[in-house]
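Q: The lines below spell out each chain.
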Amino acid sequence: MKIDVLQAGLRGPVLDLQDARGLVAFVADGGPLWGEFMSSLREGFTRPGRPGGPRVVVRAGDGTMGVGGRAFEEVLAPILTAHALSREEYAAVWFGGGPVTTWLSAAGTLSQGPETTRKVRELGRLLAPEGDGGSAGEGSLDRFVRRMIREAREDVARLSRSGEGVEAPDAQLREVRGEAAEVHGDVEAGMMAWVRERQDAETRLLLYRDRERELRDRLKRLDEEGDEAACRSCGQSLQDRAEAVRNARREEWEAVVQDGRWWRRRRDQLERKPDDLKAIETRAMELDNAVNELSEELERRRIRGLELEAAIGRLDELLALEARLGGRRGSAEMEEARAGLVRATRERVRARIHARVLSLTGGRLAGVFPALFADWADGGRRGGKEFAVLELAVRIVLAELAVEAGVSLQSVVLPAGLNRLGREDVHRALVELVRLSRRIPLLLVRTTHGVASAFPECFDLLYRVENVPEGRRLRRARSGLGTIWLQVD
Amino acid sequence: MKLAHISDLHLGYGGAGAGRARDVLRIFETALARIAEIGVELVVVSGDVFDHPDVTATPIATFGRAVSTLRERLPGVVVAVAAGARDTPLDADRDGPLTVVGSMEAVEVASNTVRRLSLRDGEVSVTLVPHRVVMGSRALDLSPDPDAQWNVLVMHAALASGRSHAVRIPLDGWDYVALGSNHTHTAVTERACYAGSLERVGADPWAEAATAKGFITARLGMDRTRSVRGRGSGHEVTFWPVEARAAVSLAPVEATGGGTATVTRRLSEALGGVPGGIDGKLLRIPVRGLSADDLAVLDHEVLARVRRRVAELRIDALPGQGTSHGRGGKAARRGHGASGAGVPGLVASAPGAVPLGGRVQA
Numbered sequence: 001m002k003i004d005v006l007q008a009g010l011r012g013p014v015l016d017l018q019d020a021r022g023l024v025a026f027v028a029d030g031g032p033l034w035g036e037f038m039s040s041l042r043e044g045f046t047r048p049g050r051p052g053g054p055r056v057v058v059r060a061g062d063g064t065m066g067v068g069g070r071a072f073e074e075v076l077a078p079i080l081t082a083h084a085l086s087r088e089e090y091a092a093v094w095f096g097g098g099p100v101t102t103w104l105s106a107a108g109t110l111s112q113g114p115e116t117t118r119k120v121r122e123l124g125r126l127l128a129p130e131g132d133g134g135s136a137g138e139g140s141l142d143r144f145v146r147r148m149i150r151e152a153r154e155d156v157a158r159l160s161r162s163g164e165g166v167e168a169p170d171a172q173l174r175e176v177r178g179e180a181a182e183v184h185g186d187v188e189a190g191m192m193a194w195v196r197e198r199q200d201a202e203t204r205l206l207l208y209r210d211r212e213r214e215l216r217d218r219l220k221r222l223d224e225e226g227d228e229a230a231c232r233s234c235g236q237s238l239q240d241r242a243e244a245v246r247n248a249r250r251e252e253w254e255a256v257v258q259d260g261r262w263w264r265r266r267r268d269q270l271e272r273k274p275d276d277l278k279a280i281e282t283r284a285m286e287l288d289n290a291v292n293e294l295s296e297e298l299e300r301r302r303i304r305g306l307e308l309e310a311a312i313g314r315l316d317e318l319l320a321l322e323a324r325l326g327g328r329r330g331s332a333e334m335e336e337a338r339a340g341l342v343r344a345t346r347e348r349v350r351a352r353i354h355a356r357v358l359s360l361t362g363g364r365l366a367g368v369f370p371a372l373f374a375d376w377a378d379g380g381r382r383g384g385k386e387f388a389v390l391e392l393a394v395r396i397v398l399a400e401l402a403v404e405a406g407v408s409l410q411s412v413v414l415p416a417g418l419n420r421l422g423r424e425d426v427h428r429a430l431v432e433l434v435r436l437s438r439r440i441p442l443l444l445v446r447t448t449h450g451v452a453s454a455f456p457e458c459f460d461l462l463y464r465v466e467n468v469p470e471g472r473r474l475r476r477a478r479s480g481l482g483t484i485w486l487q488v489d
Numbered sequence: 001m002k003l004a005h006i007s008d009l010h011l012g013y014g015g016a017g018a019g020r021a022r023d024v025l026r027i028f029e030t031a032l033a034r035i036a037e038i039g040v041e042l043v044v045v046s047g048d049v050f051d052h053p054d055v056t057a058t059p060i061a062t063f064g065r066a067v068s069t070l071r072e073r074l075p076g077v078v079v080a081v082a083a084g085a086r087d088t089p090l091d092a093d094r095d096g097p098l099t100v101v102g103s104m105e106a107v108e109v110a111s112n113t114v115r116r117l118s119l120r121d122g123e124v125s126v127t128l129v130p131h132r133v134v135m136g137s138r139a140l141d142l143s144p145d146p147d148a149q150w151n152v153l154v155m156h157a158a159l160a161s162g163r164s165h166a167v168r169i170p171l172d173g174w175d176y177v178a179l180g181s182n183h184t185h186t187a188v189t190e191r192a193c194y195a196g197s198l199e200r201v202g203a204d205p206w207a208e209a210a211t212a213k214g215f216i217t218a219r220l221g222m223d224r225t226r227s228v229r230g231r232g233s234g235h236e237v238t239f240w241p242v243e244a245r246a247a248v249s250l251a252p253v254e255a256t257g258g259g260t261a262t263v264t265r266r267l268s269e270a271l272g273g274v275p276g277g278i279d280g281k282l283l284r285i286p287v288r289g290l291s292a293d294d295l296a297v298l299d300h301e302v303l304a305r306v307r308r309r310v311a312e313l314r315i316d317a318l319p320g321q322g323t324s325h326g327r328g329g330k331a332a333r334r335g336h337g338a339s340g341a342g343v344p345g346l347v348a349s350a351p352g353a354v355p356l357g358g359r360v361q362a
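Line by line, the protein sequences give chains A and B. For the first sequence, our numbering begins at 1 and goes up steadily by one. For the second sequence, our numbering begins at 1 and goes up steadily by one.
It is worth saying that the hints were derived from the structure and are not from the lab. Treat each hint with caution, since some may be false.
Facing chain B, a subset of chain A residues (Cβ under 10 Å, in silico) [claimed, not checked]:
1. Trp253
2. Val431
3. Pro456
4. Leu474
5. Arg478
6. Ile484
7. Gln487
Keep in mind that this is a model prediction, so the values were computed, not measured. Think of the CB as a built atom: it goes at the ideal place given N, C-alpha and C, for glycine as much as any other residue.
Please take these sequences and the hints and turn them into a complete structure.
A: This is the structure:
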């Protein structure tokens with residue numbers, strides 16, 4: 001869901017994001033406005049159905065709707081169900097809502113996929129003292145494990161049946177990309193050759209015209225002056241040689257006219273783009289389309305492969321659990337299995353966050369990451385550059401996981417982070433965000449005047465707060481680099 | 001008529017490593033000294049002279065000193081600057097560092113509007129198009145001066161991938177188009193070039209590790225028939241490399257199937273194999289399949305020492321073979337994967353050692 005309009009409070013300024021795309025910055029060195037926008041978003045989302053609140057409008061599909069309204073809830077509900085996300089987890093991904101534990105739980109849910117999440121949750125319910133498991137007893141656990149194994153086998157069978165490896169499309173994509181690069185090179189070379197030939201033809205035509213004009217004038221003078229015409233080399237009159245000179249010049253003039261006509265035809269012929277060049281351009285377009293299609297197919301198969309890998313892993317765990325249970329089925333074993341699944345997911349998420357923290361800091365925090373992460377995951381949201389980097393890394397990972405899981409996420413808001421980073425990390429962070437903005441249509445970040453002016457090429461759009469006599473106003477300005485098209489013809 | 005084209009100087013760049021701020025100042029002074037040796041009548045700068053609009057006095061003073069030295073060696077030389085995105089303050093009514101630079105003798109600057117300079121009694125016309133103008137225009141009417149013998153266009157802009165929102169610049173009539181913003185030297189056509197940055201100043205210097213850094217000189221041809229300008233017409237564009245900080249990116253060091261001891265051994269082998277050693281270089285070490293805890297140990301025991309020897313160290317954690325950071329499977333959980341037999345080696349190295357006298361034809 002893409003945010004279209006954010007209003008600060010009931011009568012505050014409006015952040016109009018309807019046609020905002022890419023990495024968009026709210027630029028302010030202080031002041032309460034950003035907090036008011038975030039408060040509107042948080043309240044609208046967490047207190048659905050409350051009428052008369054500030055306007056937070058999102059776009060989903062072809063329509064727009066107010067956050068927390070009935071239409072919004074109708075769009076949100078199937079998204080949450082499809083991805084086994086809780087409302088709080090969606091808020092964590094969308095605008096960084098909720099505590100640290102919710103962020104990590106959202107990452108876990110997205111990382112392990114909806115099927116595993118549901119089963120882990122079901123198992124958790126069965127094992128809870130006050131849950132179904134307590135009253136259902138060992139028989140119910142046994143049935144639960146068998147059902148999970150059956151479902152995991154079905155998943156593995158279903159996903160294996162498709163038999164779609166990534167090797168073939170990957171190799172094909174590499175081949176097509178290579179061919180596309182070659183053909184684009186041919187197009188460029190062909191275009192240059194065409195321009196050169198056309199310029200050459202034009203130049204030669206001009207030269208022949210000049211020469212024709214010169215010869216025509218000479219012939220005219222020879223005709224007018226007759227035998228008295230002067231030789232151009234020695235200046236004496238031609239006398240009896242006049243006729244021979246006239247004939248020679250006329251022959252030369254005819255040859256020049258003949259050649260000039262040929263160059264004029266050649267020039268006219270080259271006015272139009274040559275057919276072979278057009279054919280190469282068409283081929284280049286076809287190859288570009290093929291590259292796009294193959295890339296999508298490859299991505300689809302990769303996701304399918306990951307799902308298969310996850311299903312096989314789940315089945316493995318369950319079979320091991322069934323073997324361990326063998327006759328002495330108990331909740332301790334089940335709890336161990338559930339904890340194992342949760343632990344594996346957490347480890348995967350932590351590894352991913354670790355990689356992102358390293359890329360944001362160039363590896364500077366490699367030595368302190370374990371302690372830093374442990375402190376933070378304990379529930380401590382603290383100040384300081386290191387925690388700012390960590391939080392930004394987690395938000396980026398959350399957004400990436402959501403995109404990879406296919407969550408409909410047309411916008412992401414990063415309420416903090418950039419303004420708390422050290423200068424050496426800001427540029428790397430912006431590069432990461434630019435990369436992320438290619439996968440999510442709107443990435444709204446809060447930043448400072450210094451960052452926005454120091455790295456203008458990274459942002460697509462800036463909203464800056466201006467204090468005017470009537471109150472506060474938001475000024476919108478394009479950012480980025482100017483783009484040009486060099487026209488060679 | 002000979003000109004030098006430099007771009008994306010980023011004076012005032014802080015960098016992430018020791019001495020990186022000094023690098024950009026040193027390389028700029030080196031480049032101008034080299035330009036003085038070559039001998040030109042005009043130096044054009046296609047933007048991003050400074051790293052950001054709020055630079056301190058040091059980079060501005062360095063610019064002034066280097067230009068002053070250039071003028072001592074090449075009296076009459078003019079330095080013409082078109083402001084880049086980094087030189088341009090967010091507020092149009094605020095003065096940026098180029099305002100100071102523009103007040104220096106023989107330095108001409110365009111910050112907010114297009115400026116046309118007429119040099120050598122009108123023989124040479126230089127049109128400076130600053131970033132703010134390119135950003136604010138969909139249609140920019142730029143035509144060469146018909147009375148000038150040579151027309152030079154200087155601007156800071158990226159080449160568009162499509163025509164839709166880009167400013168169209170017909171090349172006809174321009175003898176040389178000096179472009180800035182792309183940090184890699186690129187000859188777009190025979191007469192339109194990105195000089196590239198003088199130093200590796202991007203967020204990822206290793207991405208441009210294999211490209212030479214430097215400046216361009218262009219000798220503009222004598223042939224007045226523009227349509228036949230090019231080879232044989234006396235027009236010559238030359239790229240001159242300068243010795244930027246060398247960047248080295250190692251092939252991923254495999255940890256899968258081994259612990260920190262294995263990684264330490266493989267890393268030592270890889271570091272030992274870097275031609276010319278690692279000291280003072282920008283070094284990137286990707287490590288594959290090592291847990292965060294093991295990497296922390298490695299950082300304390302080995303990487304800290306490496307960090308002290310290099311100008312900048314970047315560590316990247318890559319997922320193990322057969323695993324992904326996404327939904328993990330059996331292999332991910334059990335730590336299975338490739339044997340890690342891949343021999344670490346050098347995959348990219350900067351041509352930073354190209355002697356200053358070397359020439360590469362553009």
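Q: Enumerate the violated hints, using their earlier numbering and listing them in ascending order.
A: 1 and 4
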